[in-house]
Amino acid sequence: MDMETQRKQREGIKLVNNMPDLTNDPFLKRKKQRAIDFLREHPIPEELFKQSKKEEVH
Amino acid sequence: MNSEKYPIEVGRDFLTYSFSSRGPNGIIKKVIVFEPMDSEGIYYNLAFGDWDEKNQVINDKAISNNNDTLKILNTVAFTILDFLENNRDAKLYVEGSTRSRTRLYQINILSFWSEISVKINVLGYYKGSWETFRQLTNYDAFLAAIK
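In the order they appear, the protein sequences are chains V and C. Just so we're aligned: the first sequence equals residues 7 to 64 in the working numbering. Just so we're aligned: the second sequence equals residues 555 to 701 in the working numbering.
Extracted from the complex, chain V is given alone in its bound form (with noise of 0.2 Å):
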């Protein structure tokens, strides 16, 4: 058993081989999109990430 299989079970997450393909679910891709889209619109504001990891480090 590797070492994060065994970091999983301990976290009580079970590591298994027979989950489904997503590649092409509809809605995945949907929502991925408008996640796209919406961002696209919205930029992520770095600068507020940044900002909040430096009053951590004060």
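Since the hints were derived computationally from the structure, they do not count as laboratory data. Predicted model only: the values in this text are computed from it and were never measured. A couple of the hints might just be wrong.
[Said to hold, decoys possible] With a straight-line cut-off of 27 Å between C-alpha atoms, the simulated DSSO-like cross-links for lysine-lysine are:
1. C:Lys-681 to V:Lys-56
2. C:Lys-701 to V:Lys-56
3. C:Lys-681 to V:Lys-20
4. C:Lys-583 to V:Lys-35
5. C:Lys-559 to V:Lys-20
6. V:Lys-38 to C:Lys-615
7. C:Lys-701 to V:Lys-38
8. C:Lys-673 to C:Lys-701
9. V:Lys-56 to C:Lys-673
10. C:Lys-701 to C:Lys-681
11. C:Lys-625 to C:Lys-681
12. V:Lys-56 to C:Lys-559
13. C:Lys-559 to C:Lys-583
14. V:Lys-38 to C:Lys-608
15. V:Lys-56 to C:Lys-625
16. C:Lys-559 to C:Lys-701
17. C:Lys-615 to C:Lys-583
18. C:Lys-583 to V:Lys-56
19. V:Lys-38 to C:Lys-681
20. C:Lys-625 to C:Lys-559
21. C:Lys-608 to C:Lys-625
22. C:Lys-608 to C:Lys-583
23. C:Lys-673 to C:Lys-625
24. C:Lys-625 to V:Lys-38
25. V:Lys-38 to C:Lys-583
Based on the hints, put chain C in the right spot on chain V.
Showing chain C alone in chain V's frame:
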């Protein structure tokens, strides 16, 4: 995040998680996907819904009424934290498929705020701009990243 949650499974891609809701309407499989939105693997979109076994798709409109909303939200919150802790440069975009579901995410963030705020930076989108998450504001969407 020590509240009651369902046992969780994760696929080998470490991006797809699932668990089974159990209640008066039976066992309902839920799927959570952290979908990359860029080739660098920095920006991710959170998707969450019921697994439709027959059609092999996620159903985001299903209302399972299994009397376990809090346990489900606890489980989703746990997977978000697990994902962010394992993808420390990731920025996660979170928006419900309806306003009421976005509101549920907000309730969940508030429920765990004392724990979340120590580990995660949360931004909310409100009235046309992003801002640092404030507890009494109803946001349209969220961004989360590990501190």
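To see whether the hints hold, each was checked on the structure:
no.	hint	verdict
1	C:Lys-681 to V:Lys-56	22 Å, holds
2	C:Lys-701 to V:Lys-56	9 Å, holds
3	C:Lys-681 to V:Lys-20	40 Å, violated
4	C:Lys-583 to V:Lys-35	20 Å, holds
5	C:Lys-559 to V:Lys-20	14 Å, holds
6	V:Lys-38 to C:Lys-615	16 Å, holds
7	C:Lys-701 to V:Lys-38	24 Å, holds
8	C:Lys-673 to C:Lys-701	6 Å, holds
9	V:Lys-56 to C:Lys-673	14 Å, holds
10	C:Lys-701 to C:Lys-681	25 Å, holds
11	C:Lys-625 to C:Lys-681	31 Å, violated
12	V:Lys-56 to C:Lys-559	32 Å, violated
13	C:Lys-559 to C:Lys-583	14 Å, holds
14	V:Lys-38 to C:Lys-608	23 Å, holds
15	V:Lys-56 to C:Lys-625	33 Å, violated
16	C:Lys-559 to C:Lys-701	24 Å, holds
17	C:Lys-615 to C:Lys-583	14 Å, holds
18	C:Lys-583 to V:Lys-56	37 Å, violated
19	V:Lys-38 to C:Lys-681	22 Å, holds
20	C:Lys-625 to C:Lys-559	5 Å, holds
21	C:Lys-608 to C:Lys-625	25 Å, holds
22	C:Lys-608 to C:Lys-583	12 Å, holds
23	C:Lys-673 to C:Lys-625	21 Å, holds
24	C:Lys-625 to V:Lys-38	26 Å, holds
25	V:Lys-38 to C:Lys-583	21 Å, holds
Checked against the numbered hints listed earlier, the structure breaks hints 3, 11, 12, 15, 18; every other hint is satisfied.
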